[in-house]
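**Student:** Sequences are here, hints too, so could you generate the full structure?
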Amino acid sequence: MQFFLEATIGGLMSGMLYALVALGFVLIFKASGVFNFAQGAMVLFAALAMARFAEWLPQYSGISNKLLINLVAFTGAMVVMIGVSWLIERLVLGKLVNQEGITLLMATLGITYFLDGFGQTVFGSDIYKIDVGMPKDPIFLLEGMFQGGILVSQEDLVAALVAAALVAVLAAFFQYTGTGRALRAVADDHQAAQSIGIPLNRIWVIVWSVAGFVALVAGIIWGSKLGVQFSLSLVALKALPVVILGGLTSVPGAIIGGLIIGVGEKLSEVFIGPMLGGGIEIWFAYVLALFFLLVRPQGLFGEKIIDRV
Amino acid sequence: MLYRENGQFKTSYAADQQIFPIAQDRYLILALVAAAFVLVPGVASEYMFRAILIPFLILSLAALGLNILVGYCGQISLGTGGFMAVGAYAAYNFLVRIDGMPAVAAILMGGVCAMAVGVLFGIPSLRIKGLYLAVATLAAQFFCDWAFLRIKWFTNDSSSGSVSVSELHLLGWTIDTPADKYLFCLGFVLLFALVAKNLVRSHIGREWMAMRDMDVAAAVIGIRPVYAKLTAFAVSSFFIGVAGALWGFVHLGSWEPAAFSIDRSFQLLFMVIIGGLGSIMGSFFGAAFIVVLPILLDILGVAVGFNTALASHLTFMVFGALIVFFLIVEPHGLARLWSIGKEKLRLWPFPH
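Listed in order, the protein sequences are those of chains A and B.
Each number in our numbering comes from the position in the first sequence (counting from 1) with 150 added on.
Residue numbers are given in our numbering: position 279 of the second sequence equals residue 265, and the series is strictly consecutive.
Keep in mind that the hints were calculated from the coordinates and are not lab data.
Don't take each hint at face value.
[Stated by the list, open to error] Within a straight-line C-alpha distance of at most 27 Å, the following computed DSS-like cross-link-like pairs (lysine-lysine) qualify:
| # | chain 1 | residue 1 | chain 2 | residue 2 |
| --- | --- | --- | --- | --- |
| 1 | B | Lys115 | A | Lys454 |
| 2 | B | Lys183 | B | Lys(-4) |
| 3 | B | Lys115 | B | Lys328 |
| 4 | A | Lys279 | A | Lys216 |
| 5 | A | Lys245 | B | Lys115 |
| 6 | B | Lys183 | B | Lys115 |
This one's a predicted model, so the numbers in the text were calculated from it and none came from an experiment.
**Tutor:** Structure follows, in structure tokens:
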């Protein structure tokens, strides 16, 4: 029981992180109909920028206050991400309006390659550290109920809290600001939104910037856990089944999908894995999502698509 | 007026139905095939065979298979690498477990196994559409990656998942020099391209295309979606499986699951898109482009004097940028450029 709970909590924590990356996918798909394969590359790129800025800043300016360094590096990385978003809109998506879904998907794959190469050219391709002062020690919960308590990594706990806060902020942004309303309008119907004077180009830049911001947060959390390196961009492959499980257009879907995948993955690895020879984490999420889609093709909270001739 | 068509009359049904109804096309293709069989083995260097020609042929075959699924039937698949792996490992198992198994039969049986797996993973396509399906097919990719790494039976109990095929024979012909391997692949590719071309212009190809253009409308006019989609998955995976077996047997010789990773899936999808969706010719153009481009970029990078790490990063960048550039400038791919060229040649040298 204790072991089961530990695995479940661990799964929930990592599920929160998957949800964070998945959120980036959902935001962009909702507002522009682009399935953004480049989200993983953006996570890597943002984390690389953050790690390197935090490293360069003390070297060149002599600032040694850690909080200040991290803040400046964060701002710098955010500016870079906004720049990248603007360029993507300008150079790629703006020219591919009204193309089919697969063309847009391929374009984001191209962006993935470009960003991977560009990030490593500019920022280097070693393993870098991000240190934002996340607590590393594990803590024990419910010591009264179980022998020795339930082991929870404090780092994961903080990460999950940050992710939850981010989701709340995004939800509020979408619900209560004028820009948020414009974003929802564009998500509903491009043409109608355009005809009442909502500038599509600017909206897309904003959406991509928000996705860049989410990527940056995800990159910082994953990066301080695993170190910033190329494999970080593969986190996106974990987020894909989360997105389709939750439904491509649903923010709550991304969160709940993330939690389901996180828990399912941990439990399957612990309880089914040994029977099959281990390492089933790689495909379990996908197969789970696949079976789920057979029952409900639009995902948990996705919009039902009605075809008309 | 290199492409003058007037005066070419079709006076029989056979003449009307041939693959290349215009004489110039026919002669050009025949000349190309003849050159590929006779001229190329004489002049190409060993490096050309190993680095360019053999990969080009095998990847063309795989791209052809993928193009049937994505270009003709409209089902996006990211699991191509997995199906290639199934073909390769199944063919390997047939070869080593059955005494006196001819290599060609093993390769074809590998294709059949890939076909079975392809149909299995194609079943969700009856319910799921578009981008959801694209991600769902990744399940096939990751499952195959895992299976060939972890399940020892598939790799004949080799410890690292790496297997090797020593020597290929075809009716007493030992295929060991690069030129032999090239001819062996060329035979396969030519045969399969012919089959593919004929399939897509037959009734079944038309069903696929109807399914791609609008599946609900196709169903209304009496095309069975189950049949159309699953046959597309079957034919496509068969081609891809055979290509996978050739990739392992002929190109690599010894291989491990990493040879068929998700990068291979993306690479093949790029070939199909850049070459031209829904075009047999385009599969070849795309394969040529994607095979040659990295080599050229590498040579260029080294010539300019970048170190290898930087050169490889720059290759990534240029590759990504070119993909985006192509999508923007010519979304219908190289095959479209080819047909524009033919249009121009009709009137050349008088543009009007």
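**Student:** If a hint holds in the structure, say so; if it does not, say that too.
**Tutor:** So, going through the hints one by one against the coordinates:
no. : hint                 : result
1   : B:Lys115 / A:Lys454  : 12 Å, holds
2   : B:Lys183 / B:Lys(-4) : 21 Å, holds
3   : B:Lys115 / B:Lys328  : 36 Å, violated
4   : A:Lys279 / A:Lys216  : 14 Å, holds
5   : A:Lys245 / B:Lys115  : 25 Å, holds
6   : B:Lys183 / B:Lys115  : 26 Å, holds
Violation of the numbered hints given earlier is confined to hint 3; every other hint is satisfied by the structure.
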